[in-house]
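Number of protein chains: 2
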Amino acid sequence: MTKRDEGRSEENSIFIGGKPFMNYVTGVIMQFGNGAREVVVKARGKFISKGVDVAEVARRKFLTEQNVSVKEVKIGSEEFENKEGKLINVSILEVILKKG
Amino acid sequence: MTKRDEGRSEENSIFIGGKPFMNYVTGVIMQFGNGAREVVVKARGKFISKGVDVAEVARRKFLTEQNVSVKEVKIGSEEFENKEGKLINVSILEVILKKG
Numbered sequence: 001m002t003k004r005d006e007g008r009s010e011e012n013s014i015f016i017g018g019k020p021f022m023n024y025v026t027g028v029i030m031q032f033g034n035g036a037r038e039v040v041v042k043a044r045g046k047f048i049s050k051g052v053d054v055a056e057v058a059r060r061k062f063l064t065e066q067n068v069s070v071k072e073v074k075i076g077s078e079e080f081e082n083k084e085g086k087l088i089n090v091s092i093l094e095v096i097l098k099k100g
Numbered sequence: 001m002t003k004r005d006e007g008r009s010e011e012n013s014i015f016i017g018g019k020p021f022m023n024y025v026t027g028v029i030m031q032f033g034n035g036a037r038e039v040v041v042k043a044r045g046k047f048i049s050k051g052v053d054v055a056e057v058a059r060r061k062f063l064t065e066q067n068v069s070v071k072e073v074k075i076g077s078e079e080f081e082n083k084e085g086k087l088i089n090v091s092i093l094e095v096i097l098k099k100g
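Listed in order, the protein sequences are those of chains A and B. Just so we're aligned: the first sequence equals residues 1 to 100 in my numbering. Just so we're aligned: the second sequence equals residues 1 to 100 in my numbering.
It is worth saying that the hints were derived from the structure and are not from the lab. Some hints here could point you the wrong way.
Identical copies carry no separate label here, and so any pair may be met within one copy or between two of them.
Stated by the list, open to error - Straight line, CA to CA, 30 Å or less: simulated DSS-like cross-link-like pairs of lysine-lysine:
id, residue 1, residue 2
1, Lys-61, Lys-19
2, Lys-98, Lys-83
3, Lys-74, Lys-86
4, Lys-61, Lys-86
5, Lys-99, Lys-83
6, Lys-61, Lys-83
7, Lys-71, Lys-83
8, Lys-99, Lys-61
9, Lys-99, Lys-19
10, Lys-71, Lys-46
11, Lys-19, Lys-83
12, Lys-83, Lys-46
13, Lys-98, Lys-61
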């Protein structure tokens with residue numbers, strides 16, 4: 001994930017990176033607060049565990065009254081260019097949270 | 001995850017822990033080799049990223065000819081007693097791999 005992508009919102013998506021955990025939880029809550037029906041938490045590689053934690057903490061601790069639940073979880077692999085310019089595979093995760 | 005649980009197989013499940021990555025990939029391949037139609041890769045907390053990697057590497061690099069695909073991915077939270085005996089929440093992941 002490039003620096004530019006970290007925390008970027010696009011089509012109600014939250015990209016997990018190296019920023020503090022609660023930044024991403026707040027991002028999810030704000031997107032629902034702004035009227036989104038679905039928010040997608042996306043993470044790659046080592047950030048996947050953090051992505052699941054963000055989705056779970058947002059859902060359980062902050063969004064239960066808004067009736068937000070996990071609609072679907074997807075995993076996959078992507079080719080990724082590392083610092084040396086070599087193509088490597090990284091795992092990706094998407095957690096789709098849905099209101100109502 | 002207790003020491004006892006790491007790498008333990010139960011009902012065609014692979015529990016991800018601190019052992020070398022390929023141990024778990026081999027575990028998945030062996031369970032399909034032993035006739036399992038489905039194998040569940042389970043991970044908690046910081047091991048979730050590794051769990052997704054294990055499922056993806058097993059599927060893409062070793063099991064494509066056996067037509068193994070991701071049937072479902074589940075996430076959730078569990079109460080967990082830490083070393084100090086305090087109950088904390090940990091995220092959990094299950095990747096269900098299915099043959100055919």
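Exercise for the section: Enumerate the violated hints, using their earlier numbering and listing them in ascending order. Expected result: Hints 2, 5, 7 are the ones this structure does not satisfy, whereas the remaining hints hold.
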